[in-house]
Every structure is written in structure tokens, then in C-alpha cells.
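Those protein sequence lines, which keep their order, are chains Z and R.
In terms of the working numbering, the first sequence is numbered consecutively and its last residue is 297.
In terms of the working numbering, the second sequence is numbered consecutively and its last residue is 662.
None of these hints come from the bench; they were simulated from the model.
There could be a bad hint or two in this list.
Straight line, CA to CA, 25 Å or less: simulated DSS-like cross-link-like pairs of lysine-lysine [unchecked claim]:
| # | chain 1 | residue 1 | chain 2 | residue 2 |
| --- | --- | --- | --- | --- |
| 1 | Z | K219 | R | K391 |
| 2 | R | K327 | R | K429 |
| 3 | R | K429 | Z | K294 |
| 4 | R | K309 | Z | K104 |
| 5 | R | K391 | Z | K294 |
| 6 | Z | K219 | R | K429 |
| 7 | R | K429 | R | K391 |
| 8 | R | K429 | Z | K291 |
| 9 | Z | K264 | Z | K240 |
So the derived list for chain R, only partly shown, Cβ under 8 Å to chain Z, looks like this [claimed, not checked]:
| # | residue |
| --- | --- |
| 10 | L343 |
| 11 | A347 |
| 12 | L349 |
| 13 | A375 |
| 14 | F378 |
| 15 | N380 |
| 16 | Y384 |
| 17 | F395 |
| 18 | R470 |
| 19 | P634 |
Quick caveat: nothing in here was measured; it's all calculated off a predicted structure.
All C-beta atoms in this analysis are idealised placements derived from N, C-alpha and C, irrespective of residue type, glycine included.
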Amino acid sequence: MTSRRTWLPNWLTSEHPLPWLFPVTSLLLVFGLYPVLYSLWLSFFKRNPATRIEKFEPSWNWSKLLADDRVWDAVQVTFTYAGIALFLQLALGMAIALLLDSDKRGFGVLRALMTLPLVVPPAVTGMMFLLMYDSSFGVISNSLYALNILSPENPILGTGSTALWGVIVADVWQWTPFMVLIMLAGLRALPREPFEAASIDGASSFQSFIFLTLPMMSKIIALAVLIRGIDLFRIYDYVKVMTDSGPGTATETLTAYAGTVYFKSANFPYASAVALATLLLVLVTSTIFIKLFKVRF
Amino acid sequence: MASVNIENLDKKYGALSVLHSLNLTVADGKFVVLLGPSGCGKSTLLRMIAGLESISAGEVQFDGVRVNEVHAKDRNIAMVFQNYALYAHMSVRKNMAFSMRLRKVDKKVINEKVEWAASILGLDSYLDRLPKELSGGQRQRVAMGRAIVRDPDVFLFDEPLSNLDAKLRVQMRTEIKELHQRLKTTTIYVTHDQIEAMTMADEVVIMRDGYIEQSGSPMMIYDNPNNLFVAQFIGSPGMNVLRCTVVEQDGRLLAQHEDQILALPADANVTAGQVIYYGIRPEHLEPVKLGEGEGAVGGAQAHIRVVEPTGPEIHLYASLAGQEICCISRTRTQWQPDEPIVVTPDLEHVHLFDVETENAITPNH
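With the rest of the complex left out, here is chain R (with noise of 0.2 Å):
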């Protein structure tokens, strides 16, 4: 195992930039998500730290040693491809058994090794076919058997989900999770759905364009995205986002969308006539029928546009003045579309952001 350093990376494709001055630090033993949308760069530093792919400035460090003139093959590390890149023409069982077999490992550790990922993976009776003639999500985890029989230092996924239907996903997340809690190698894995990173992630990456954006644990980005991108990616449905004008009325500071009043929290670092984003996750915008409840402070009018039942609550998509909203109710009302409804921000739960920056604004304290 190791841990992995990434100092000031830099990837350029002739006069094209695509990475800029990267810097991370995964730690031994961690499951580190990069998450970002396509064209971000994610896979192109996943590529690097593999050594598929060159390093124009930098330094790549397994442990704390520079590994960039490390060819790919002595890096110890394994990979799981996103169209899994079995070898066609070998049966699943030597497919395990490649890396090993180039390393002239005994052939009785060999099998020891593959029929024990096999069983980890449920693969026990298929070592004998070849790679088309299993499923989706029986190719994947051929794929992840043949990067645990390495034991290899690090584990880099790239995008290997993706492929794979939605149901199917849901369980080789899990499976992939329990894997690394089971072998704790360290993990790096790059996808572009947030719940992947969300719910499997000790850390999550969020990069754009090059950059990163903000690191940390999943929860912790989730409620306190550094700038607007971060807060619009991160969650499902995504963050309500208004452009707002800072209103002063009777002494206290409210937040203006068109012809609607939001509150703002006490703390809020504004001035009157400030123009901001006002950020509020659906779950923290609650829905009420219009003159029904008290006629709640900060509450702003909308009008419902679709209602969407998922179960356990229900998705409001609405318009407030213009501008569509989804706000979570978790009673079971009966909303019905065109209804005008309230909905109230809860004030511990605003993110306010700079229009100019899109960085978070700090409250003050």
C-alpha cells in the first residue's frame, strides 16, 4: 500500500493546457473520488499517475518518492478500465492470471490467488469462458479480479461503472466499497456521478476545467461548497440557485428575486444593494399550500409546474417568479400542478455566493 502526492502537475497537449499546477494528497489506505464533468481532466491525471499518460511538469509520488520516470508496468499499481480492456482471446482465469504469469509467479500461488478472487467476486464458475461470453457486470468484476490478484499498491478506477445499467451500478458500488473495506488498499477512482462519489468516496475531489475545485469528505462538501460550481454539482436533485438583490426592510436584510422576498440568516456577510446567488438545497426549501400554515417569514410564492412522487418524498418542481425551483416535501399532501405554493428557505442551510467569483460568501461571525 501506499499513499499517493501530486505536486504542482501539469498536462499540456502541444499549446493546449488541460491540467494546471495540480496539487493532492490521497493517504494510504484512502478511497479518493475524482469528480467532475467530462472534458474536466480527471481521467487525464488518473492516466498519470498510472503512467499512461506523460507528465509535462510536476511530480507524481508514491510514498513520497517521484515515480514520473516510472514506466506504468513497475509502478505497482492496478486498473479498472471503463470498457473493462479484458484480453479477448483469454479465458477469464488467465485474464486473472496475466500479471502473474508475466512475473513467473509459481503456478500454484497463481491459482491459489485467481480462485480466490473468483470467490471474492462471485466468478468461481465462470474461470473457463472468455470474456464475451459473460455479462456487463460479470466483465467488470473479471476486470477488478484481475487488479486484486496484484496486490497492488494503489487501485485506480476509471469510469468503471459507467457501462453498466443503473441497477447493476448500484450493486458494484457496493461491492466495490466493501472490497476496499476489506483490503484497504488505497483507491483512486474517477467518475463523472456524484452519487458514485458521494456514496462511496472517504474524499471527494471535484475538479473543472484543470482545476480542482474543493476537496473533502462528501459531507462536508455537500454543506459547505467552497463556489457555485461545487454546489451545483454536488447533490440530486441540484442546489436552487437565485440571483438576488440584499433588500434592507425594517432594519433587517432580506434577499429580492424579482418580486419575491427570500430571508436571509442573521450572519449573512452582505450589504443592502449587494447582488448575490442565493443557494438553497431542496430538501431545505419547505413546501406549504398558499394560506395554509401561518404565512411563514422569508417565504417566497411559487407555482408548482410537476409534482414527482419517488416514495419516500416528493419532488415540487415550481416557478418562482420565473425562475424553476424543486423544493422536497416529506408529507404526504396532495399537490396538484398550477397550485401556488409558499416555500420557506431554512436559514442554517443558505449558501451565498459572490456573482462576480461565484465563491461562497462566509458569514460573519
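For reference, chain Z alone in the conformation it holds in the complex (with noise of 0.2 Å):
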């Protein structure tokens, strides 16, 4: 047992843990509470682009976003990235934790090599798949032509219906690892006697997989899919390098949309508009998701 430290004021032991919360809870109101709450004031001003005055109009911006086309199809883009990039991510994830969880020799190595790509900058991999799918030097655009599944005259980023695929592939490549990071330790985690009791049960691998793993993965694979689709909703940075949204908005994600409308346009408060609308889908997305899947954290 440790003795209670008789010089520290009573207001200061664990049974009062807010004064030692505020640093970190002041930190979260000034950057974080405080930029939100200034969006949503600056949202209620209409700025005319050309004498650059704003004026207190509450309503102007969102009814401007909701009848914005392109509002509607950043939404699609969004949902489509962020649906296919999960779904991809855990398949993949899963089956890589599956194959990497073992004790024989080298697997500790191999689960070390996996994370290399977390590592790297999201913008440093959006170059690097920049580079990879050029269509004069890029090795994955040149292997594509030679197998003719693709031609040059399309080039992967520069085609609307291959462009936002490019872009996934460069968030799968990098973000593979960290679900199969959180995979891994949740596999590792499992009693093993279960597995054992259901062998003799007459259970085949795929089945103990289906029957058990599945069902016993099922808490951490939600907080999986909550904390990558979370992530996947501000997708911003693949895009803004790999294809600034084009070709035309075939690749235009909410968060784009918001950046273009902000730096380009410099109409703060449509931007703000555009960007509170993204942190209200993903509230309204993972609410559900929480609610339909009792994620605990």
C-alpha cells in the first residue's frame, strides 16, 4: 500500500481528478470548442466576394449548402471513399492479423516490418503514389498497361471513374497496418480453450473463424471501424496531393469541397458552413454506428 502524501492539498489526491484534467481540458476549449463555435458564428454572415463585407444573415449559408450540387456530390465521393476504404481496410486488416498471429520465429519481426508504413507522412504517401501512377515512369500505371488492363490514354488519376480508386489505394496501403494492429492485439487476446473446445466440437477453421472468432472480435472490430471511419470522413490530405479533387470534382471529398470554398473562394463563411456540415455527418454516421453496434469505450 502507498502512504497517502500528507504535503499534497486534499483537493489534489485521486479522489479529485478535475484539477488535474484542466491543462488538457483548456487545451481541447481553446483549440478545439472555441474554432468550432467560431465557425458556426461565422457561418450565420453572407460575404459578398466582391466588396468583401459580411453581413448577419443566419440562414444565407445553409440553405446555400443544401441546395449546393456540389455539396451533394462531395457527400457521395465521401461515403463512397470512406466506405470502400474501410471495408477494404478491415478485410484486409483481419486477414493479414490472422496470418501474422503466431509464436513461431520471425513473426515478431514480420508484425514490426507491417507497421513501417504508419510511419509515413500521409502527404509523403500521396507523392510517392503520385509517382507510382505516372503514366511515363509510374511502376503500378506501367504495370497496368502491360497486363492491358489499363491504357495510357487514361491515365489512372487523370480518369474520373479510376481517379478516387487511386486515391483509396494509397489510403489502404497506408492505413492497412493499423487495423491489422488493432486486430492483431484483440486475436491475441482470445482463450485459446474455446478454440480447442470447438476442434473437438467438429469445428473446421473456417468455421471456429465464423463461429468464434467473429462473434468474440466483435467489440473491437466496431471500435475499429468507428476510429478508421471516423478518420476516413476527414480524408483531406491523399486528395488535396494526389488529385486536388479532380479530374473536374470526380474526387471532391466534404473536407475538399470546404478547403476549396475557403482558400480558394475565401468565402470563410460558406467554408464553415461546409465544414460544420462534414462534423455533423460524422457525429449523425458514428452516433448510429455506436448506438446500432453498442460500441463501449
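Please dock the two separately framed chains into a single complex, following the hints provided.
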């Protein structure tokens, strides 16, 4: 037993956690809550781009947002992007984790190697894939041309139908290891006996996976989906670096559109509204998910 | 149902050998208990029979057919694990139905079977609960239910009662034995608890360090231990063992431990000067207060240290020339600590062991 530190004032002991939480709470308030509230305030103004005069008109940006086709396109792109990337990362993450879940020699090294993509900055990953997709010297492009899957007339990132896939591949390459890490942590913590009992009960390894591994991992899978899902909704860097929302607006996600409105059109109030709409979308989607799958933190 | 044969079975983990050329036959319908201290290889042997551990050398046969290469799921065995190994996310009903569901048994048959097992095990009202909503004893019953719905050829139990409290353990012991008497399925049961082994088994197999020390019916082993290890492992309180030198007095051979003399059976196969272990079970060592009785022949003097009344009998822990011994009194004598007593061995039940090999010294006939 540790003795009570008598020199510590009573309100600083572990029974009173609030004082200890004060520093991080204040940081969150200053850099988290304040910008959100300020954006909300900002979104209530109508900005005249020519005169740069902002006028208080609360409904202007929000009704504009609802009528803006580009917003709805961006919502669709965001959902498509997040959905496909999440599915691929989940499936690959689980598959790789199952393969790496072993105590045999060398698997520790493999597990460590597998995390390497996580240390590459996303913008650099984007640049890397941009080079690999290059239609004249890119290794991926040239391989696909050689296999007659694609032709040089339709460069991957320059074609509307393939550009989003090009970005998704980069995202999957970078973030699958993260899924693998979470899945591995879960798999390695599973008890061994139920699986032995199942094999005696007559279960094949596939049946064990379906009837035992998946249900036993459900909480961890749900948590991983939530974390990655929220992250994927915020997708900005890959799109910015690789396609800059193009060709046209084929890869324009909500955050990318907000960025464009903010930095290119300098329409700060409307950009605020778009950004807040993204936040709202994430909140609603994740809350539904949490309720539906009973995720607990 | 099936008989199980183990032939020259070896288990090695790399260079480490844990089972050494074991041979064992479990006849059809028998209840065999593998007994031994932890680390003796009994669970490993069971898991090899189950198909959960690979076989380094030798053979496991069911009904004379080699099953070394047969996967656990195809051996038609059922196993009950020490920590139950229930499927935590499935209800009691689903836990028990799992094996049948995998074999695509008809739903009606599954329900009948599950309800039959539940009624035998008293789980009727718990079928829709999750394992975490059950007590330890109930979980153990679910694990057994999961095993019996299978109609397996062989039941394997891996220390199934060691996680239960003492009272429940005694109760489940009886239930498992009853279940075996009813189903008559070949059963191999692993435990480190010699009382469990004695009370349940048709045949006990005592193991140590990857070897089988002795096997036979519980009473046979109790009365005729092959060696010192078996003698001391079986029985509670354990057998008293005194290191003695055989001396000759007036033409009779006696065993001398320090300054105390104990009588030897007339047919003892020993010679004067030989050093032996003299083994006598507590219930065969009769205590009387010093000075009472007629100065029993072949008795040794000891001092009571602790008196433990158990109800039917009184256990006396005493010091005999510095050596701790235990003897049992079935009379209602008022024993006192520090009291000097004389203990007299029942010569019919004296066990002698060689000090070198620790093997039993068989008497002359």
C-alpha cells in the first residue's frame, strides 16, 4: 500500500481528478471548442466576394448548402471513399492479422515490418503514389498497361472512373497496418480453450473463424471501424496531394470542398458551414453506429 | 464407445522430452483416472489422445485403429476443460447444440438432445442464459452437457473440478460418476487430486515426470504401491515413511529408526544391516498412551505435537525420534499435545522400500 502523500493538498489527490484534467481540458476548449463555435458564428454571415463585406444573415449559408449540388456530390464521394476504404482495410487488416497471429520464429519481425507504412507522413504517401501512378514512368501504371488492364490514354488519376480508386489504394496501403495492429491485439488476447473445444466439437478452421473468432472480436472490430471510419470522413491530404479534387470534382470530398471554398474562393462563412456540415455528418453517422453496435469505450 | 490404446507414446518439445514411451490400455466403458503431480505429463497425454497435441512417436489407437493422423474434430471424442472453455457469446442451449449444428443434425433432434442433457444435469431453467450469468458449478455442467449430447466414443476430462469450491467438487464428483454409470462411455479423467482419483476411478494410472509409475484399481494401488512415490502420493493423510536399519535381536529382524525399534513382518525380504524405508499408513499405526496397554511388542515411542479431531476419527501428528508421523485413533481418548505415546504398526500393512531404487521390497513367500 502506498501511504497518503500528506504534503499534497486534499483537492489535488486522486479522489479529485478535475484539477489534474484542467490543463488538457483548457487546451481542448481553446483549440477545439472555440474554433467550432467561431465557425458556427461565422457561418451565420453572408459574404459578398466583391465587396468583402460580411452581413449577418443566419440562414443564408445553410440554405445555400442544402441547394448546392457540389455539396451533395461531395457527400456521395466521401461516403463512397470512406465505405470502400473501410471495407478493404477491415478485410485486409483481419486477413493479415490472422496470418501474423503466430508465435513462430520471425513473426515478431514481420509484425514490426508491417507497421512501417504508419510512420510515413500521409502527404508523402500521396506523393509516392502520385509518382507510381505516373503514366510515363510510374511502376503501377506501367504494370497495369502491360497487363492490358488500363491503357495510357486513361491515366489513373486523370480519369473520372479510376481517380477515386487511385486515392483509395494509397489510403489502404497506409492504414491497413493500423487495422492489423488492432486486430492482432484482439486476436492475441483471445482465449485458446474455446477454439480447442470447437475443434473437438467438429469445427473446421473456417467454422471456428465464423462462429467463434468473429463474434468474440465483435467489440474490437466495431471500435476499429469507428476509429477508422471517423478518420476516413476527414480525408483531405491524399485528395489534396494526388488529385486536388480532380478530374473535375470526381474526387472532391466534403473536406476538400470546404478547403477549396475557404482557400480559393475565400468565402470563409460558407466554408465554415461546409466544414460544420462534415462534422455533423460524422457525428450523426458515428452515433448511429455506436447505438447500433453497442460500442463501449 | 471405444477402447483406447496407447503404444510407446513419446512427446517431445524440441529437445525436451515430456512423455517417455508410455503404454496404456483403457478398456471399453471403463473410467480411468490419470493421476500425478503438476508437470507429470498427464494433461499432455490427454491432449494427445484428444488430438490437440501432436504425437512425437508411438501410437494412439481407438478400438485398435491408429488415430495419430486423425484430426481432433474427426475422433468423435468429447472433452471437458479445466476452465470450461464455453463459448461466451452463446447461450447454454447454443453451447450444447454447437457440435450438432456443425454436423447439420435435424433441429428437432438437436432440441430433444439438448433438453435431455439439460434435464440430466439440472440445467432446464438456464438454457437461454449466457455462461457469464451462471455459477462455476453450472458452467461446469454446461461443459459436461456439451460433451454428453455428442454420444462420443470417449469422454476426456482435464481437471474439470479444480476451479470449483470444495463442497461443489464433492457433489460434482458424484454426478460425474453417476453419469458414467448411466452412459457407460469410456472415460479418461485427469486430476492431481488423489481423492478424486480414488473415489471415481475403475482404474488409476499414476504418473510422474512423463512415466507411468503404476496402474490398477484404486484399492489395489492403495494396498500394494509399487514404489515410494506411489505410496506417498496416494492416501490422505499420507503414508508415514521412516528410514530404518534392519537389526537382529534374539534371532528376530527388527527395523531401527534412530533409537526406536519397530517390528518387521515375519516374511520381510530383508537382511540384517540393510537400510530400508519403512512405510506404514496412519490408520495402520495404532497409538496408545505411554504406560497404558501391555507395552505392545514392536511399538515405538513418540510425542504428540498436534491433535486434529475430524469427527469419525482423530488424527495425531507426532514426532518419532525427530521424524514427523501421523497416526489415527478411532477411540474417544483425550489426547493431549506433548503427551508421550506408543505407536504400534499393524504388521499386515507394513510396506518396505529399497533406499536406492525406492521400489517396494516384495515379501518372501
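Hint check:
Proximity of K219/Z to K391/R is assessed by CA-CA distance (about 20 Å); at most 25 Å being required, the pair is judged to hold. The suggested pairing of K327/R with K429/R is violated, with an alpha-carbon distance near 33 Å, which exceeds 25 Å. For the hint linking K429/R to K294/Z, the alpha-carbon distance of about 18 Å falls within 25 Å, and the restraint holds. The suggested pairing of K309/R with K104/Z holds, with an alpha-carbon distance near 17 Å, which does not exceed 25 Å.
Distance restraint check for K391/R and K294/Z: the Cα-Cα separation of roughly 22 Å lies within the 25 Å cut-off, and the hinted pair is therefore satisfied. Using a Cα cut-off of 25 Å, the hinted pair K219/Z and K429/R holds, with the two alpha carbons roughly 17 Å apart. A threshold of 25 Å between alpha carbons decides the hint, and for K429/R with K391/R the separation of about 14 Å falls inside it, so the pair holds. Distance restraint check for K429/R and K291/Z: the Cα-Cα separation of roughly 23 Å lies within the 25 Å cut-off, and the hinted pair is therefore satisfied.
Taking the CA atoms of K264/Z and K240/Z, the gap is about 13 Å. The hint holds against a cut of 25 Å. For L343/R, the suggested interface contact is broken, since its CB lies about 12 Å from the closest CB of chain Z, more than 8 Å. A distance limit of 8 Å between C-beta atoms decides the matter here; for A347/R the minimum to chain Z is near 6 Å, and the interface restraint holds. Taking 8 Å as the C-beta cut-off, the interface hint given for L349/R holds, the closest approach to chain Z being about 5 Å.
The criterion of a C-beta within 8 Å of any C-beta in chain Z is met by A375/R, whose closest approach is roughly 7 Å, and the hint holds. Hint status for F378/R: holds, given a least beta-carbon distance of 5 Å to chain Z, under 8 Å. Because the smallest distance between the Cβ of N380/R and any Cβ of chain Z comes to about 6 Å, under 8 Å, the interface hint for this residue holds. A distance limit of 8 Å between C-beta atoms decides the matter here; for Y384/R the minimum to chain Z is near 6 Å, and the interface restraint holds.
Interface hint status for F395/R: upheld, as the beta-carbon distance to the closest one in chain Z is roughly 5 Å, under 8 Å. This hint is violated: R470/R has a C-beta 22 Å from the nearest C-beta of chain Z, more than the 8 Å allowed. For P634/R, the interface hint is violated, the least distance from its beta-carbon to any beta-carbon of chain Z being 37 Å, above 8 Å.
In terms of the numbered hints stated before, the structure departs from hints 2, 10, 18, 19, listed from lowest to highest.
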